[in-house]
Amino acid sequence: MTGAASTTAVSGAQPEYTSDEMMSIAAARALENGKRCFVGIGLPSTAANVARRTHAPDLVLIYESGTLGSKPDVLPSSIGDGVLAETADAVIGVPEVFNYWLQPGRIDVGFLGAAQLDRFGNINTTVIGDDYTDPKVRLPGAGGAPEIAASCREVFVVVRQSARSFVDKVDFVTSVGHGSGKGDRERLGLPGAGPTLVITDLGVLRPDPETAELVLTQLHPGVEVEDVRAATGWDLQISPDLTRTEAPTAAELSTLRTLKEASR
Amino acid sequence: MTGAASTTAVSGAQPEYTSDEMMSIAAARALENGKRCFVGIGLPSTAANVARRTHAPDLVLIYESGTLGSKPDVLPSSIGDGVLAETADAVIGVPEVFNYWLQPGRIDVGFLGAAQLDRFGNINTTVIGDDYTDPKVRLPGAGGAPEIAASCREVFVVVRQSARSFVDKVDFVTSVGHGSGKGDRERLGLPGAGPTLVITDLGVLRPDPETAELVLTQLHPGVEVEDVRAATGWDLQISPDLTRTEAPTAAELSTLRTLKEASR
Amino acid sequence: MADIVSLADGVGELVRDGDVVALEGFTHLIPHAAGQEIIRQGRKDLTLVRMTPDIVYDQLIGAGCARKLIFSWGGNPGVGSLHRFRDAVQHAWPVPLEIEEHSHAGMANRYVAGASGLPFAVLRGYRGTDLPEHTATIKWITCPFTGEELAAVPAINPDVSIIHAQRADRAGNVQMWGLVGVQKEAVLAAERSLVTVEEVVDELEPVAGQVVLPHWAVTAVAEVPGGAHPSYAQGYSERDNAYYKYWDSIGRDRDTFRTWVRDEVLAGRSATETTGDKEGVR
Amino acid sequence: MADIVSLADGVGELVRDGDVVALEGFTHLIPHAAGQEIIRQGRKDLTLVRMTPDIVYDQLIGAGCARKLIFSWGGNPGVGSLHRFRDAVQHAWPVPLEIEEHSHAGMANRYVAGASGLPFAVLRGYRGTDLPEHTATIKWITCPFTGEELAAVPAINPDVSIIHAQRADRAGNVQMWGLVGVQKEAVLAAERSLVTVEEVVDELEPVAGQVVLPHWAVTAVAEVPGGAHPSYAQGYSERDNAYYKYWDSIGRDRDTFRTWVRDEVLAGRSATETTGDKEGVR
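Residue numbers (full-length UniProt numbering), protein chains in the order written: chain A, 1 to 264; chain B, 1 to 264; chain C, 1 to 282; chain D, 1 to 282.
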């Protein structure tokens, strides 16, 4: 979405890095060691693999292609790369992934991307436009996301932020975040806590404990509140406890870049 | 049940054999080459393994312990002997046996035993006596039989015959044969044809095409109609086309005995 | 990360009076040593769950550990009856035994539902049999697409499931192969799980037909070589067919059984040490 | 006993106009060569079923073989959009494409129900999403034991399922390993099946993680080395990531796509011979 932003170099006393690199590293930091993490391809997979090589060596990576505990030495290009199966603790069929491992709530963190995300963390990856049968843009669809969003103990969303993608209400609810607000997940009978963290190239948003509306709680270095407001399609609330993300360390950056380089 | 009968030697011009051997060999002969056969332990397993070593080398043996296409070189002592897994084309979990292989009707012949069998081929392996909660004899129970009887394309029952075990109506319907008569399987929605053959130590019974009641269609050598009537708890009808079983050949007996010997 | 514990500690910590307990293993890999440890520790009022309550449950039932049995086939495979099971059902000895009876297909699907976090499973089963009349956990459900009526059975979710496997590594990843039965489902359906293994190794070499349970899906692992005896562990031991026949002579009589419990279980000797050979059965 | 046939004969005999056809393979073992053979033989009005309609279905859709797509995720994995799929949905080019859209969990369970001979499957899914509003094959069902409401989806039973596997023996027993996706379920759910394999061998040596389909569960086997390209066959080939990027340049434009079909498919050259390398993409 924000191709330009992704290559914006941020400079200072710290090593230079792009806003995409900041996003990946911020996402990696959010993953606690030892957690079981359901990983989609792209940004989530990058972040999870950085985490496993920095502070979270015992992070358990689960890919919907059927691998439990993959330990890839390069970034996979797809969720079904051979390296994921070859390095896994267990390789299983796809029905088993969803029925025996995801559905009963065995996964701590579901890591999702989004084409559209709304103020309550609902995710659209299906169609852009009001008419499902005649969409403006046909997106890939649901994949594993609806049940990942429902059943993981919590959900982290990693997505580049723009006013086009951060909307007041998604055109299509592919995966439920906090529905129409606080208490909606319970009403729907969704077992997991839903999106507890949205990590973008500008900062971090979290659901307000009272309303479940996403509020800005953290700014990446060099980003100002107004930048984030401008990249948000609703009247973004700012947490009174707004913090500033620590810039990537040289070690984090080198880990990320080595991984990316190895996957070319 | 008929321990005495099982060791009765039958002699003549043919080699000597017991009535149990005749039963096993008659059962083996009923299995066509290439068929997929769901095999219980004991008499069915013996018969199936004799068949595979005589006229039906491509008989596919399926054991509920999770083996497809077992080719044991000795008679297994249980449905879970290691030799069944080691010689199988595929080893699978028990839920898969029932859900993916039995339930959809992929198995040609289900081979069952019985503690009680009634005139419509219904099978009891649960309790003897009228009161389920206070049984005269507690039997092992259903195992895989109810769904084998329901889903295999046809069912062969192998059982020693006596007036105590061949009853007018079973005390408990563990597995449905022809229910209360012709058309009952269709009414119940049971996909397979049910018991098409009952092989005993005295002869062979088949369901009457009009009524589905089991009638005597074949006598083993040395057995007379009155012997079978005396060993049947209902007014047994005799097929107008009653035939006589060919005595076991020397080759059949030697195959059976070699298998039995090897399993000691 | 599964804890590596002793058998006594594993059973002591994970199996509690009144629990719903599943010991699984379909002919192969039956956790006999764990069953005898439950007897040794004097557990009571257990609801025992198992597709094929063979010798392992005949022992637990005869020792008075169980108040209820959920099962689909109770016999001594290849030999005959389970006399302790029969005695409990027919004569309430040593304590009354409630039973809940299913078919294999029903039990397997109950474990599948339990492992899947679903409240029930659907199957083509039981139709026309007398089981639904006596088993409250068999109901009927209508397909919302075709209108067809099918059987429904509720999930089994044991408090604790116990299985035996060939190997685990030091992190507690469990590896088994050969006939794997419903063991994975039993462990995943349970609140807690104990896996006895032939050996704990540094590295799990891949084996054809293996099922691997990751360490984070298992509560505890205990190294119990021969812990399946008289059942077997493919690659480690053979089924002791003679012991199954020998068991018939033990289980048949209350006093003989009581003596067996006293001498062979309570005295701390495990089934691994007690072979048919020693008893002069072969 | 599965027949050993040529790819052309297998597709010719088993895939018919108007059929419900599933080509499965989850990133790994995607039967691309068989898909292109369907284009070559000019099949029409197919209902295509696949969890992840990636390049293989972009090609079939762009070539006008399909009238309907049943799926859960339609993209070029790791690259972006499927332009032929988008063009069909957004502009009915070259023919209108009806869609029936599920989640992965729903599709996987539809295959499981199909393989199990059940009319439907139950899952915790779809709740709160907009999918049930647009997909008639998502309904709700009440647990007869707990009263809980869950999602129900109907079985998928394709007329023919096509998969790619590593090996078969001469009797037609099929062996695959690595990521095995929903291929077993797709084959077992189908009326007929075609398996393309890397090689036909005398004896299937056991491999860790293998899934074996017995010959009597498969209709036909065709030896098509490289038949998964640009997907891969573990132990035989690597995923051609460059080709997935290259495909974006082909699929993006109708004329470029038409030229590709003419030169690379109709001319009889299979995907195996057409690598990204040759096109100068790397």
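Derived from the structure by calculation, the hints contain no laboratory data. Certain hints may be false.
[Said to hold, decoys possible] In the DSSO-like style, the derived pairs of lysine-lysine whose C-alpha atoms are separated by at most 27 Å in a straight line are:
| # | chain 1 | residue 1 | chain 2 | residue 2 |
| --- | --- | --- | --- | --- |
| 1 | D | K68 | A | K136 |
| 2 | C | K245 | B | K182 |
| 3 | A | K260 | D | K139 |
| 4 | C | K68 | B | K260 |
| 5 | D | K68 | A | K260 |
| 6 | B | K169 | C | K245 |
| 7 | D | K68 | D | K139 |
| 8 | A | K71 | D | K245 |
[What the hints assert, rightly or not] Far from chain B, by Cβ distances over 10 Å, these chain C residues were calculated:
| # | residue |
| --- | --- |
| 9 | I39 |
| 10 | R67 |
| 11 | G75 |
| 12 | W93 |
| 13 | R124 |
| 14 | T142 |
| 15 | F145 |
| 16 | G209 |
| 17 | W216 |
| 18 | T219 |
| 19 | P225 |
| 20 | S249 |
| 21 | V261 |
| 22 | E264 |
[Unchecked claim] Which bits of chain C does chain D cover? Going by a derived footprint, with three or more residues having C-beta under 8 Å, they are:
| # | stretch |
| --- | --- |
| 23 | 18-28 |
| 24 | 46-59 |
Quick reminder that beta carbons are idealized off the backbone N, C-alpha and C, glycines included.
* **Structure versus earlier hints - violations, ascending order** => 2, 3, 4, 5, 6, 11, 13, 16, 23 and 24
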